[in-house]
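Below are the chains, spelled out letter by letter.
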Amino acid sequence: MSEAIDVASLSKTFGGQAALSDVSFSVPEGAFACLVGPSGCGKTTLLRILAGLETPSSGQVLLNGSDATRLNPASRSIGVVFQSYALFPNLTAAQNIAFGLHGKDWPRSNKQARVDEVLALVGLSGLAKRKPVQLSGGQQQRVALARALAPRPRFLLLDEPLSALDPHVRGALRAELKDIQRRTGVTTVMVTHDQEEALALADLVVVLRAGRLEQAGSPRHLLEQPATPFVADFVANMNIIEARAESGERISIGATVIAGVVHGLAPGAALSVAAAQGNTRLTDAALPAACPARVRAVEFAGRQLRVIARLEAGGTLIRAHAPLGSPVASGDVIGVAFDPQSLRVYAGAP
Amino acid sequence: MNAEKFIQRLCLVLVTLYFGVSLAGPLTALVVSSLQSGEGGSAANLAGRLTDPRLVRAAGNSLWVGALTSAITTALALFYAYGLTRARLPLKGIFAAAGQIPLLAPSLLSALALVYLFGVQGLLRPWMGEASIMGWQGIVIANVIATFPHALLVLRTALSASDGRLYEAGELMGRSGRSMFLAVTLPGVRHGLVSAALIVFMLTIADIGAPKVVGGSFDVLALEIYKQVLGQQDFAMGAAVALAMLAPTALAMGIERWAASRQSAALSARSTPLVLKPHLARDTAMLTGCSIIAAGLVGVIAVCQFASVAAFWPYDVSFTTKHYDFNRFDGGGWQALGNSVQLAVFTAIGGALLVFANAYLLEKTKPHRVVRGALSGFSLLSAAVPGLSLGLAYVFFFNNPANLLNGLYGTMAILVLATITHFYTVAHLSATSALKALDPEFETAAAAMGRPFWMVAARVSFPISISALIETALYFFVNAMTTVSVVVFLYGPHTKLASVAVLNMDDAGDVAPAAAMGMMIFYINLAVRIAGETVLTRVRASTTRGKVY
Numbered sequence: 133m134s135e136a137i138d139v140a141s142l143s144k145t146f147g148g149q150a151a152l153s154d155v156s157f158s159v160p161e162g163a164f165a166c167l168v169g170p171s172g173c174g175k176t177t178l179l180r181i182l183a184g185l186e187t188p189s190s191g192q193v194l195l196n197g198s199d200a201t202r203l204n205p206a207s208r209s210i211g212v213v214f215q216s217y218a219l220f221p222n223l224t225a226a227q228n229i230a231f232g233l234h235g236k237d238w239p240r241s242n243k244q245a246r247v248d249e250v251l252a253l254v255g256l257s258g259l260a261k262r263k264p265v266q267l268s269g270g271q272q273q274r275v276a277l278a279r280a281l282a283p284r285p286r287f288l289l290l291d292e293p294l295s296a297l298d299p300h301v302r303g304a305l306r307a308e309l310k311d312i313q314r315r316t317g318v319t320t321v322m323v324t325h326d327q328e329e330a331l332a333l334a335d336l337v338v339v340l341r342a343g344r345l346e347q348a349g350s351p352r353h354l355l356e357q358p359a360t361p362f363v364a365d366f367v368a369n370m371n372i373i374e375a376r377a378e379s380g381e382r383i384s385i386g387a388t389v390i391a392g393v394v395h396g397l398a399p400g401a402a403l404s405v406a407a408a409q410g411n412t413r414l415t416d417a418a419l420p421a422a423c424p425a426r427v428r429a430v431e432f433a434g435r436q437l438r439v440i441a442r443l444e445a446g447g448t449l450i451r452a453h454a455p456l457g458s459p460v461a462s463g464d465v466i467g468v469a470f471d472p473q474s475l476r477v478y479a480g481a482p
Numbered sequence: 005m006n007a008e009k010f011i012q013r014l015c016l017v018l019v020t021l022y023f024g025v026s027l028a029g030p031l032t033a034l035v036v037s038s039l040q041s042g043e044g045g046s047a048a049n050l051a052g053r054l055t056d057p058r059l060v061r062a063a064g065n066s067l068w069v070g071a072l073t074s075a076i077t078t079a080l081a082l083f084y085a086y087g088l089t090r091a092r093l094p095l096k097g098i099f100a101a102a103g104q105i106p107l108l109a110p111s112l113l114s115a116l117a118l119v120y121l122f123g124v125q126g127l128l129r130p131w132m133g134e135a136s137i138m139g140w141q142g143i144v145i146a147n148v149i150a151t152f153p154h155a156l157l158v159l160r161t162a163l164s165a166s167d168g169r170l171y172e173a174g175e176l177m178g179r180s181g182r183s184m185f186l187a188v189t190l191p192g193v194r195h196g197l198v199s200a201a202l203i204v205f206m207l208t209i210a211d212i213g214a215p216k217v218v219g220g221s222f223d224v225l226a227l228e229i230y231k232q233v234l235g236q237q238d239f240a241m242g243a244a245v246a247l248a249m250l251a252p253t254a255l256a257m258g259i260e261r262w263a264a265s266r267q268s269a270a271l272s273a274r275s276t277p278l279v280l281k282p283h284l285a286r287d288t289a290m291l292t293g294c295s296i297i298a299a300g301l302v303g304v305i306a307v308c309q310f311a312s313v314a315a316f317w318p319y320d321v322s323f324t325t326k327h328y329d330f331n332r333f334d335g336g337g338w339q340a341l342g343n344s345v346q347l348a349v350f351t352a353i354g355g356a357l358l359v360f361a362n363a364y365l366l367e368k369t370k371p372h373r374v375v376r377g378a379l380s381g382f383s384l385l386s387a388a389v390p391g392l393s394l395g396l397a398y399v400f401f402f403n404n405p406a407n408l409l410n411g412l413y414g415t416m417a418i419l420v421l422a423t424i425t426h427f428y429t430v431a432h433l434s435a436t437s438a439l440k441a442l443d444p445e446f447e448t449a450a451a452a453m454g455r456p457f458w459m460v461a462a463r464v465s466f467p468i469s470i471s472a473l474i475e476t477a478l479y480f481f482v483n484a485m486t487t488v489s490v491v492v493f494l495y496g497p498h499t500k501l502a503s504v505a506v507l508n509m510d511d512a513g514d515v516a517p518a519a520a521m522g523m524m525i526f527y528i529n530l531a532v533r534i535a536g537e538t539v540l541t542r543v544r545a546s547t548t549r550g551k552v553y
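Residue numbers (the numbering used here), protein chains in the order written: chain S, 133 to 482; chain C, 5 to 553.
With the rest of the complex left out, here is chain S:
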C-alpha cells in the first residue's frame, strides 16, 4: 500500500502553548487510522490540521505525496464528521447531504442520485425528508457520515463521531462505520479518546500524549510491544510498576526479586515494568517471588473478579483477575506474582 497521508515533524503552538510537538506518522491508502490519547493531547488539533482548518506552526502534511500543508480545506478532497455532527437544523437530511455537492462535478441530475446513494449506504433511504430534530442521535450520526462521504472524498476525517451516543447504539454503529469504510475504501482518520474503540476499528493506531507521538502501529503491535509505559497503560491497560535493575536477568520490586527478566541495564537503575493483567497472578504473600499487596476493592468483571490492590513497595495500584468465588476481600494482604517472560521493562521510574 502507498502512503496516502504523511505527517512530517508537525508542531502547533497556540499563544506560546505547544499543542503538538514534532509529530510524524504515515497512513497507507485505504487504511483506517485512529488518533488516540487522553483529553488535551492534541489529537483534535492534529485532525483539524489534516482538514486544513488549522495551519501548523512547522512541519508538513503530504496528501497522496503532494504538499498540502497550506492548502485550503476545499482543495483537499476531505469529508469531515464533527463530534456535534454540525448538521444544519433547518435543512432536511437530503439537503444537508446535498449542501456539499456543488460545482461542475455535481450537476443537478447527478446530485439527487448521489444523495439517494449515500443515504442507502448509511441505511437511511426512507428518511431523506426528515430534519435533524426528527432523527435519533444514531440517525443524525449517519446523516453526518453520508454528508461527509457524498462528494466522494479521498480522505474521511472523523472527530469523536461516536462519543455522543449511548453505549448500545455506539457498539452497533462502530461495526457499521468499519463496514462502510471498507466498502468505500476511503482513507480514514478518526479521533477518539476510547482506546477500546481505536483497537476495534483501526488498521493503524496513533497514540498521542501531551502533543507528542508516543507510538504508531497496528493494534496488535501496540498491544504486544507497547513502546512506552504510557502506551502500555493507556492502550494495553497493563499494570505499570516501579522497579529497580539487579545484576544479571533480575529485577527487584521492593524487597521481592524476580529472575528471568531481560533488561540490559546497570544494577540499581530505576525501571518501569509493565505487566499485562492476564499475566498478573494473585498468590500467597509468603511466596518468595510474590510482591505483598493489600486489596483495596473487589469488583465483578463479567465471569471473573477484578481485584484492585496496592503494592506495599512503592504503593502502585495494580489490577488483576481472579476466578469467581475466590476468597479475596477488601483489606486482605495478598501476594502478586508476575510472569517474568511477559514483563516489559522500560528505563526510568514511572
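Incorrect hints may appear among the rest.
[Claimed, not checked] Only pairs whose alpha carbons sit at most 27 Å apart, straight line, appear in this in silico DSSO-like list of lysine-lysine:
#, chain 1, residue 1, chain 2, residue 2
1, C, K440, S, K263
2, S, K236, C, K9
3, S, K243, S, K263
4, S, K310, S, K263
5, S, K263, C, K368
6, C, K440, C, K370
7, C, K96, C, K281
8, S, K310, S, K243
9, S, K236, S, K261
None of these hints come from the bench; they were simulated from the model.
With chain S held as given, fit chain C onto it using these hints.
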C-alpha cells in the same frame, strides 16, 4: 488571498466605515466643537463651560431624578416580574402585555397623562391640595412609567432562568420561602437588578420629553442641551453639555458590562423547571400589586386616548376627532406620521440586517482580535451615548460643508443612520446571543465541504435566527417610532417626525393634538407588534414541528 477572505475583509471594512461615519466621526466632531469658541479652541473654554453654575445644577438634578427613578422603577419592575414568573397569577398573558404598553408610545405620553390628571386643569387636581406635579416629582413619575417595560424585560428574563432543583434542595433542608428568596432568588437576579437599574438611569438622564412637559423650572442636562442649541443657538455650550452627559451614561454602561461579565449562568443542562405550588398569601399579594401597576400603565394610555377625543378637557368631554386633524396644527401634520413610519421601516430593515451582519462577522468569521475588539467596542459604545448627545454630534459632523457626506444632512438617511446607531447596542447583544447559540462547527463543516461562509449565513445561520432577526427588526421599528432625543436636532422641513411633533405641539399649547399624535404612534406600534408576534408564533412553531426525539 482567496475570494472568501476578500469578501470577509470587505464586509469588515464596510462595517468599520459604518462605525466611523455613525459614531467615531460625530463624537470626534462633538469633542472638537465643545472646545471651540469665538477666539478659537482650548481646553480652558471647555472647563469654563463645564463649571458653569447652571450646568452644575442641571447635572445634579439629572443625577437625582436618574437615581430616584432608577430605584423606584427597579423595585416595581422586580415586584411585577416576580408576579409574572414566581406566582400563580391568573391572566398572565394580559399582565405581561400590560407591562409592555409604555414601550409602544413616546415617553412624552406618560408626561402628558400626568398633565391631564394632575396639571393645573387636571382631573384629579382638586384632590391634590397645594401639591404640584410640575418639577422633579413629575419627571420621576413620568419616567418610572416610561422606563418600566425596559426594567421589566430584563428582570423577567433574569427571574425566568430559575433552577427548580435549588428550591427543592432548600425545601428539603427546611428553609423558609423568605430565606430562599434571599439566598437563591436575589443572588440569581443580581446582574438583572444592576442592569435594569442602570438602563433606567441612562434612559432617564437622556429623556427630554418628561422634563419639557412636566419639569416646570426644574432644569436637567437634557433640557439644558435643548435650550442651548434650539433656544440660544449656543452650539459650543450645547456640545459641552452633551459631553457632560456622556460621563454618567458611559460610567453606567461600563458598570453594566462589568456586572454582565461577572454573572455566571443560572441554568445548566441539568436544570429542572421551577414548579410553582399554590401559596395563597403570595399569590393574593402579587395579584393585588400587579393589578395596581397594570392599571396604572393602562390608565396612562386610556387617559391620553380619552383626552385626545374630548372636545375641551376637562370642561367639555364630548366626543370629537378634531384633535386628529393634524394638518391644522404645527408639527408636520399627517405627513409627519408618514415620515415616522418610513423612518421606522428603514430603521427596522436596515438596522436588523446591519446588526446581524456585524454580529455574524464578529462571532463566526473570527477576525483579527484588534478588529474584533474595535468593532465590539463600537457596538457597545452607542448605548453609552445619550440620544441628544448623539444627535448634536451628528449636527457638528454632517453639517460641516467640508464633509463629503454633508448632503445627508436634513434627509431621511441621516435620521435612519442616527436611529440605528442610537439603538444599536441592545440589538447587537441580542443578535450576538442568538448567533452564539448556534453550533460553532457549522462554518467549519461548510469550509470542509468547500462552501464559503456567506453560504452558511444565507442558508443556515440567518434562517435559523429568523425569529431573533424579526425581534430585532420590531425593536428598531417601535423605538424609531417613539424616539425624540436622537432626531430632535436632525429632522429637516421634509422629514418632520410624529414623535417630535408631539413635543412641538405640546410646546405650542396644542396638548390634545399632541396626545392624539402620541396615540397614533401607539396604535401603529401596537399593530406592528401584534403582526410581528403572529409571524413569530408561526416561525417558532415551524422550527419545532414534527419533533420526535
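Now the hints, each set against the structure:
1. C:K440 with S:K263: 21 Å, holds
2. S:K236 with C:K9: 22 Å, holds
3. S:K243 with S:K263: 19 Å, holds
4. S:K310 with S:K263: 26 Å, holds
5. S:K263 with C:K368: 23 Å, holds
6. C:K440 with C:K370: 13 Å, holds
7. C:K96 with C:K281: 16 Å, holds
8. S:K310 with S:K243: 25 Å, holds
9. S:K236 with S:K261: Given that 27 Å is the threshold and the Cα spacing comes to 25 Å, the pair holds.
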